[in-house]
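Please model the entire structure based on the sequences and the hints provided.
Protein chains in written order, with numbering that gives the first Met the number 0: chain C, 0 to 164; chain U, 0 to 485; chain A, 0 to 658; chain X, 0 to 100.
Check each hint, because a few of them may be wrong.
Stated by the list, open to error - In silico DSS-like cross-links for lysine-lysine, where the CA-CA straight-line distance does not exceed 27 Å: (1) K201/A / K274/U; (2) K274/U / K170/A; (3) K107/U / K155/U; (4) K79/A / K201/A; (5) K79/A / K154/U.
By construction, these hints were calculated from the structure, which means they are not laboratory data.
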Amino acid sequence: MSFEAIVFYSLAALVLLSAVGVVTHRNTVHSSLLLGLSLAGVAGIFASLGADFLFAGQVLIYVSGIAVLIMFVVMLLGRASDLHLRQVNNQWLAALLICCISAVGLWRIASSFRGLPSPGPAKPSTALLGRLMMGDYAVPFELISLVLLAALLGAIFFSHTEKDA
Amino acid sequence: MPILTLITFLPIAGALVILCLPKEAEKPIQITALVSAGLSFVLSLCVLYGFDRAQPLMQFMENADWIPSMHVHYALGVDGLSLPLVLLTTFVTVLALISSLGIKERIKEYFFWFLVLEAGMIGVFEALDLVLFYVFWEMTLVPMYFLIGIWGGPKKEFAAIKFFLYTLAGSVFMLLAILAVYFNSTPNTFDMLALMHQHVNWSARFQILVFLGFYFGFAIKIPAFPFHTWLPLAHVEAPTAVSVILAAVLLKMGVYGLMRISYGMLPLGFAWFIKPLIIIATINIVYGALCAMAQTDMKKMVAYSSVNHMGYCLLGIAGLTATGFQGAVMQMITHGIITGSLFLLVGVIYDRAHTRDISAFGGLAVRVPTYAGLMFLACFASLGLPGLAGFISEFFCFLGAFQAWKVYAAVSVLGVLATAAFFLRMMEKVFLGPFNNKWAGLTDMNARELASIVPLTVMTVALGVYPKWALDIMKETLIYMINTPR
Amino acid sequence: MVEHAYLIPLLPFLVSLVILFFFDEDAHSPYAPYLGIATMFWCLVQSLVIFHQASSGAVHPWPYEGSWEWFSFAADSAGKGFSAAMPIGILIDGAAAVMLVVVTLVSLLVQVYSLGYMHGDPRFKRYYAYLSFFTASMLGLVVSNNLLVTFACWELVGVSSYLLIGFWFEKPAPAYASKKAFMTTKLGDCGLYVALLLIWAKFGSFKISMLAVSAATPGVLTPLAATAIGLGILCGAAGKSAQWPLFIWLPDAMEGPTPVSALIHAATMVAAGIYLVAKTYFIYAASPVAMEAVAWIGLITALLAATMALVAYDIKRVLAFSTVSQLGFMLCALGCGGYTAGLFHLTTHAFFKALLFLGAGSVIHSVHTNDMRQMGGLSKKMPVTFGTMFVATLAIAGIWPFAGYFSKDMILERVYGHNQVMFGLLTFAALLTAFYMFRMIFLTFVGDDRDHERHHHAHESPWVMLWPLCLLAFLSVVSGAALAHNGFFEHLVNYKLPEGLMTETLAPRLMPYAVTALVCGSIALSWFFYGRNDFTLAESLKARCSPIFSVLENRYGFDAIFLSLVAFSDRIAKFAFWFDSSVIDQFFVDGWGLITRICAELSGLFDNLFVDRTVDGFGGLSMDAGVLLRSLVTHGQVQEYLMYIAVAVSLFTILILSR
Amino acid sequence: MTLAHYLTLSGLLFLIGIFGALTRRNIIGILMSIELVFNAANINLAAFNHFRHPGGVAGQAVALFFITIAAAEVVVGLALVLAIYRNTDTVYVEEFSLLKG
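Right, dumping it as structure tokens:
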């Protein structure tokens, strides 16, 4: 088992186990912490795939941005009584079944790519990515920024409380 | 100047003006109607003036594309066959409008429909394109429906719907026939003049089928036995002026179509049908007269006499002779004039007495001598008294038919006898004998009624004494129709 | 003068219009009659001039014909149309010249007479308008050179007869009688109509002169066609001239004013039938069958009418029957080839029959009844009337030297030459004539007054009525002898029969004397029965032979036959109308409509029950399904929706996997 | 390591995320599960980019856009959660039935 494999398997285990924790843990705070862990694992996967800028973005936005934001909100809304409540609804069995069925399908898809070997070690791609963003993808890039701006405004709008009312 | 278009569409223009006038403006509405119909009449007199009587073919032709993709043209023209009928239409319509001045309710709609009706009738006689013909043909239907259905008698709705459905059924077959003709002509055309030369390409079987299609439409309009039963009902229920138009003009559309389209385009089909036609003519004459004999309602009697008189037209046509054709066309004109005045006269008495029952009267000749005199004249004209219009046309019909069908013509003479019988009986019961004091308050005819009837009476006498100027209009065309190689 | 003969019918026609439209309806306005009389006088003068010219042979060419185009129309010849001219014009031959004089003269006299007779009638002016109109039509009939125009005038004559019979239309009887007269003659006219059609089909012309030429050309007119045409014309003539079996209208026509009866139903119009047969004699010449039919119709009529006259009590009816009978004589003569004889009798008969009617009118005017049983002994009260009527009676009975003697003699001679059985029967009819005419004279003028009241008030008529009587009496005396003198009349009418028809079996020289003797015997018999103021013999005869009398009084049931014919046609008409309204209209047309409607209802029902329900059912189904599905999804639970999506995806997965 | 491994990983992560989204009662839990699904997708993008187009970066670029959009989504989603919580005083989705027809 090569080093590469070891890294992959351990990262995968981290990602999957913590993801299972996210969806099953009774305590939402713990769930959100595990989410951060899982996302960090994904960032590792990115790194192993040679996507260095993606790795950085994942860490910066997901792990340190989104996960923390979620944690804050969980804490903001959390109550002590939540810990004693069931966090999983009554359709879990059906969901499990569906997941199993889908898993088979996904497995078939994945296995069809089995024969493809790794093209060799990945090279840093940040420079390329930057050129692409400022070149061919400039317009989507700008649009994305607009989307972000809209999301920002929307968030403010929704969370805004009218003090006067 | 497109004079035929003017003649046809002046009434429409008048109708549109009427549409714009307020409902209460009764006088202007009536004047507009009279003026537009009158102008139309004057223009048709101009056409008569400019008409070349020695020329058998179409004159005053107008032609314009209408629906180029289907080769439909807006084509008008008159010849010796149609000009008399156009004249009759415009003339009788003016008089009918004069007599309609007595209409009291819903004046605006009445005159509007009346003018639309006139335009349709004129158009039918002028159209030289089958689609145009059909459009005008149908254009007469709707106004008639409303005129009967709104201003009619007690059973007006039934009469109107029966008239409408019956004639519509006929025209549906006609439309089929028109389409059949169109698709079987090379090049595809609706042009009636061009279609006259197409029959050489058509098989007898096809011609017979198409003939039957057309005939069904025409026979209902004529009305030929056994499709005549809408007529008495429609006549009885229709208001006076509408009855006049119905009898004087509308029925002629059928005969005109038979002569123009069936005879002109489908010689083999026509030849095949000639035997049934003469039988139908005989039945129409004798049977119509017999039915009229059994009537107690004056208007119904006159209506059945129309059936009888249109039988003469068919008789004349069935002879396939120039004389017979002459008689048929002349009969159309004289019947229009005579029966028009008869209906007007019956309307006069109905307006006063509110009954048309023959046996309800008696001895009226003492009380209303002018009326009686005009009625006598009209009745005698209708029963074919020489010196009055009916005789010469009737005689020509017989003369024409007799050359080909001796027995049928001879049997039809019995119809003349029966016609005399019922008219004389009516005159005896209504005007002669002891005066029925119930009608002591009856007044003689007023100026409006005289104005609408006297012109017809004058024409009755004039055509009877000197038929030359009517015969001359149509003569050459009819001779040409007979002599055209077929 | 003869070239302006068209004026003769035209003037009275215009005058009738003028009178009708421009004169006041004033009972005492004298202008209308004077205008009519003046016109008629002019016409008479012109006719006399023409007659004189014709008889002196001053007219060239003879017969004179003037023709103008009336109209032209589309005609056919061998399937090809062409423009044919219809002429209108005058044809003056001997017969026409004679008839012109007769018609204008009688008309003039009748109009003068009417001044007195119709005095005070509320429709005085209209009466004169009608009279003028009638005369114009009759004259047109006489002079026309075109059979179509002749027919037209023929019909117009019928109409004026209709108007005049029904002149007092307030009474039901005249109204009915006028209709009956018109219808009966119209029945005969149908035959004439067909004959005209046949003539056109055969000859292609209506011009009489041309027809005569064509008919003489061999091969143009087949005997069959000639027979058909001849019978058709005979049919018309029988109607107009009141011949068997269409004679029923004439007795009823006596409901009209008596001068009208004199003019129309004695002297002129009823003679039109005879005149027409004479005018178209060339056709009969080509058909022995038609000729024979004419003779027999005439004979039967003469006999039947004479017997019917025997029992009539209405003075005008007696005269009417006698007219019918005399017309039968004329027709019989024509049928036997006696062209001249027929027309000669027509002429003389016109004079004395008009006289008889006018005299009867005078009597009626005086006693205000038609019934001879209420008269009697009027000869003293009304000497002039009696005298003139007696002359006329002698004339009609055929006593020398009165007019009737010559004409009747000529007829009998001709018939004797043709067929001796006919001769016998006709002579019998002549004897009957003498009998009933004298019966009338005796009952009216001779003997005691049976109704004192009426007799007391009776008076001689004014002179305006009497001098026409005198003039006619004069003519009744002299016209026969004058016209017969040296074959004048024969020379004038001058018709040459084809060779085959000239039967030259000359009657025995004694025949006229024998007939006269028999007639005298008949008169004596009449006096025996009715002239002696003692009617027991007549009554007992009547009682003994009552069945015969009632048959005669019922006119042999011909009226009944015609009434039943009318009733029958009425029944047919009713049936036709029933058939029309019930069978054709209600059963077929409305039935068809009903079937359509039932079909519509059915399809509507089908639509409602089936198609619509099906559609509704689908709608309902989807709605139910929707409700069902909504029950699945209406919790508003996002996760449920998500679940469905997931289920769907997994199902797709299964689908993909199962491939 | 082949592409199949990475795809398997992302598939499992996806399924876990789906399972969470289907079963978590807490609305924030659902949000977190959706984040997991996003990440699974991103892994796929990166993996395909790496294995199929070794020199290219288009897949990474798209993944980057996803991350951005996911961030926006989370921001808005959380704002909504806050708003809902303020109105209904609960974070349990069974108790929201605004979509109920």
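Hint by hint, here is what the structure shows:
1. With a C-alpha separation of about 23 Å, the suggested pair K201/A and K274/U falls inside the 27 Å cut-off, and the hint holds.
2. This hinted pair does not check out: K274/U and K170/A have alpha carbons roughly 49 Å apart, beyond 27 Å.
3. Using a Cα cut-off of 27 Å, the hinted pair K107/U and K155/U holds, with the two alpha carbons roughly 19 Å apart.
4. For the hint pairing K79/A with K201/A, the CA-to-CA distance comes to about 16 Å; that is within 27 Å, so the pair holds.
5. About 50 Å separates the Cα atoms of K79/A and K154/U, which puts this hinted pair outside 27 Å; it is violated.
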